[in-house]
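A.B. asks: Following the hints, put chain B in place on chain A, whose structure we already have.
Protein chains in written order, with my numbering: chain A, 1 to 136; chain B, 1 to 390.
Don't read these hints as lab results, they were simulated from the structure.
Heads up, some of the hints might be wrong.
Computed cross-link-like contacts, PhoX-like style, restricted to lysine-lysine with a CA-CA straight-line distance of at most 20 Å [unchecked claim]:
(1) B/K278 - B/K190
(2) B/K373 - A/K11
(3) B/K378 - B/K313
(4) A/K11 - B/K290
(5) A/K116 - A/K90
(6) B/K278 - B/K290
(7) A/K11 - B/K223
(8) B/K231 - B/K246
(9) B/K375 - B/K338
(10) B/K373 - B/K313
(11) A/K8 - B/K223
(12) B/K313 - B/K338
The primary structure of each chain is shown beneath.
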Amino acid sequence: MTKKPDIKTWKDLNVGGIIESGTSEHFKTGDWRVKVPVWQSQNCIQCMTCWAFCPDNAIKVTDEGKRGNYDYNFCKGCGICAEECPVSKKVINEIKKAAPNANITSWDAETNQTFKEKASILMVSIKDAKEKYNIK
Amino acid sequence: MEKTIVARTGNEAMAEAMRQINPDVCAAYPITPATEIMQIFSSFVNDGLVKTNLITVESEHSAISACMGSAASGARTMTATSSQGLALMHEILYIASALRLPIVLAEVNRALSGPINIHCDHSDTMGERDAGWIQIYAENSQEAYDLLINAVRIAEHRDVSLPIMVSTDGFIISHEMERLEMYPDSEIQKFIGEYKPNYNLLNIDNPITVGSLVLTDYYLEHKRVQHEAMKNAMKVIPEIFAEFKKVFGRQYDFVENYKCDDADYILICLGSTAGTSKVAVEELRQEGIKAGLLKIRVFRPFPAEEIVKYISKAKAIAILDRSESLSTQAGPVATEVKAALYDAGKIIPMQSYVYGLGGREIYVDQIKDVYRKLKNTKISEQVKYLGVKE
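So here's chain A without its partners, still in its complex pose (with noise of 0.2 Å):
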């Protein structure tokens, strides 16, 4: 004889659905992917921006309290560290100073070999990740 699952029922359910905290970590959503930002650690100034900006909690920090790599599992490549990175946006500017209608943003960094360069956070393909970053 099979013996019955230990399922909760409706009766067993806190009021108003409330759960213990942190329950997000459990829940991988780094597949949902489509780019992936890749972290130059000698570009960076570590000035933290990024980690302050990511809507989720997907770039760690270090127990020296350093920017450390990303987290993988939980990022979903929105940009939004590439954005924001001012080392990025400075490498920009830069480019756009040189070459006034070339029309970059951070989102051409796979496409620029200057910005590739100099850039702190690159957005790049996860063809490109897979063959370059070695990143799943």
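C.D. replies: Quick look at chain B alone, frame taken from chain A:
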């Protein structure tokens, strides 16, 4: 207890009740004909008569959202709105009831657009009848005042924990000056007591998730819980009303039975039309017609058994709906009363009417006509429009 007799409009009466309730937070956006409630209340805030944190927002959607955040943080929370404002709150109303937040909303019934109209009908609140809120319809200023005070207790009762709206008829009650018996502030405070929230989002010692995603596995169970809370409200509402009577001396119930006990012909309606109908009942009784009136005061939860109890011996029933569901069957009140009779195994000749939309006047003579026509009413009559130009 010392009662103060004053002259107040429906809006003033509701604002006074709010002053005496002294909620922790009010977030609201003005809309005709409910604007006055918050306008008067904001002067109470300005004059330091209440300790309420008044949040002025950019829309009703924001108002009810702010109320929800406030209620989830353990604050006693109230708001006021009408018509399009309530409609704009629509999506958040469902969330407030699912999160079991006992927000108290002072509503003033006004027609929904279109065509655009600012006058009374019940289409706004009837549009939210499935939102999981308790709904109470007040006939006059006194009821609006008393029921808003009761509403706090009903909503916050542990077995209920549901948001509640108390409504008055726009302009007919909201802007009409009436005699109002007010109770001392201290007695109101004693009656409503301290609010003990179910949970507190701001308690950092016990962090919680409010409004988590629930998919196919447990959504049904969550609705079943809300169904149970509404059933609990059926038990709790008479208890609170009884306690209110003990303290303040005024009797309330799910319905008001006005001479139904021996009536051959019974009319059912909500709100201010009940006042007009009482005059019609009196005049018809002088002519020898045994007329009765059943006013439905609590519409959510729907007091089916209470209604059947009073109308089951009638020869024929007329139901007045001040809103149109455009199903071509009947308005919401008639449809639900019919369902209640079916469940009780009763089949009674019934005529349903749609009337008073967009603030169209209803007169004693029209209601008397409705009663007189009941004599020849058959079992399956089609819905009729009362007072329509044709």
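A.B. asks: Against each hint, give a clear statement of whether it holds in the structure.
C.D. replies: Status of each hint after checking the structure:
no.: 1; hint: B/K278 - B/K190; in the structure: violated, 34 Å
no.: 2; hint: B/K373 - A/K11; in the structure: violated, 50 Å
no.: 3; hint: B/K378 - B/K313; in the structure: holds, 16 Å
no.: 4; hint: A/K11 - B/K290; in the structure: violated, 48 Å
no.: 5; hint: A/K116 - A/K90; in the structure: holds, 12 Å
no.: 6; hint: B/K278 - B/K290; in the structure: holds, 13 Å
no.: 7; hint: A/K11 - B/K223; in the structure: holds, 11 Å
no.: 8; hint: B/K231 - B/K246; in the structure: violated, 24 Å
no.: 9; hint: B/K375 - B/K338; in the structure: holds, 19 Å
no.: 10; hint: B/K373 - B/K313; in the structure: holds, 18 Å
no.: 11; hint: A/K8 - B/K223; in the structure: holds, 15 Å
no.: 12; hint: B/K313 - B/K338; in the structure: holds, 15 Å
In the structure shown, a violation is registered for the earlier hints numbered 1, 2, 4, 8, in ascending order.
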